[in-house]
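As a plain string of letters, each chain reads:
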Amino acid sequence: KNEVEQSPQNLTAQEGEFITINCSYSVGISALHWLQQHPGGGIVSLFMLSSGKKKHGRLIATINIQEKHSSLHITASHPRDSAVYICAVTLSGTGNQFYFGTGTSLTVIP
Amino acid sequence: ETGVTQSPTHLIKTRGQQVTLRCSSQSGHNTVSWYQQALGQGPQFIFQYYREEENGRGNFPPRFSGLQFPNYSSELNVNALELDDSALYLCASSFEVRNTEAFFGQGTRLTVV
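Protein chains in written order, with our numbering: chain A, 1 to 110; chain B, 1001 to 1113.
Simulated from the structure, these hints should not be mistaken for lab results. Worth double-checking, as some hints may not be accurate.
Unchecked claim - Computed from the model, here is a short list of chain A residues facing chain B with C-beta under 7 Å:
#, residue
1, PRO8
2, PHE18
3, PRO39
4, ILE43
5, SER45
6, LEU49
7, GLY95
8, ASN96
9, GLN97
10, GLY101
11, THR102
12, GLY103
Note that CB positions come from ideal geometry on N, CA and C, so glycine has one too.
Produce the complete structure using the sequences and hints provided.
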């Protein structure tokens, strides 16, 4: 069983829709990261969370430490948001070693 | 642009051969981790180097080895390549070993035939 589970695995949305991607984890963490991976492989860090909520442009990330759950929201989705979104955690007591979910493939249709 | 550069971008090797992949981190990044991402999967942690010493290892055999250099570059070496080693290899570096943002390279796509 993977320590990090994401849902949904695949998501297709119409441009302008509000999108939510969920992440649950089963271990003690020091931080949770939301990452974006475009075709070709490069990964970009979107958020690093240890509590609460963060917002950057149209992206919002929340985390509930007690429930071991995080969500990534995209408001007013756009075709350029199409990518794989990955939730990853760093475990308590370890270094900056990421344990990844399997990712959510998002396609936004114009 | 993350400031982390990997080379080469693509590579084809024959089963049984050895390969060296390289990662050049931002100045001051004393921590680098390497990950293997098979097609359709999330990346898997291979190992981490902190100040040129190995600082943690995932479930990979000893034929996967690494080095980190004082100039913030690092290497991943894989001996006796197997077909299942075909994957995207990613490096990620950070300023410190804990609780900091990581910066990922674009990856090296290795194909073993």
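Hints, verified against the model:
1. PRO8: PRO8 of chain A check fails; min Cβ-Cβ to chain B is 15 Å, beyond 7 Å.
2. PHE18: violated, 25 Å
3. PRO39: violated, 11 Å
4. ILE43: holds, 4 Å
5. SER45: holds, 5 Å
6. LEU49: violated, 11 Å
7. GLY95: holds, 4 Å
8. ASN96: holds, 5 Å
9. GLN97: OK, holds: GLN97 of chain A within 7 Å of chain B, min 5 Å.
10. GLY101: holds, 6 Å
11. THR102: holds, 5 Å
12. GLY103: holds, 6 Å
Consistency note: the structure conflicts with the earlier hints numbered 1, 2, 3, 6.
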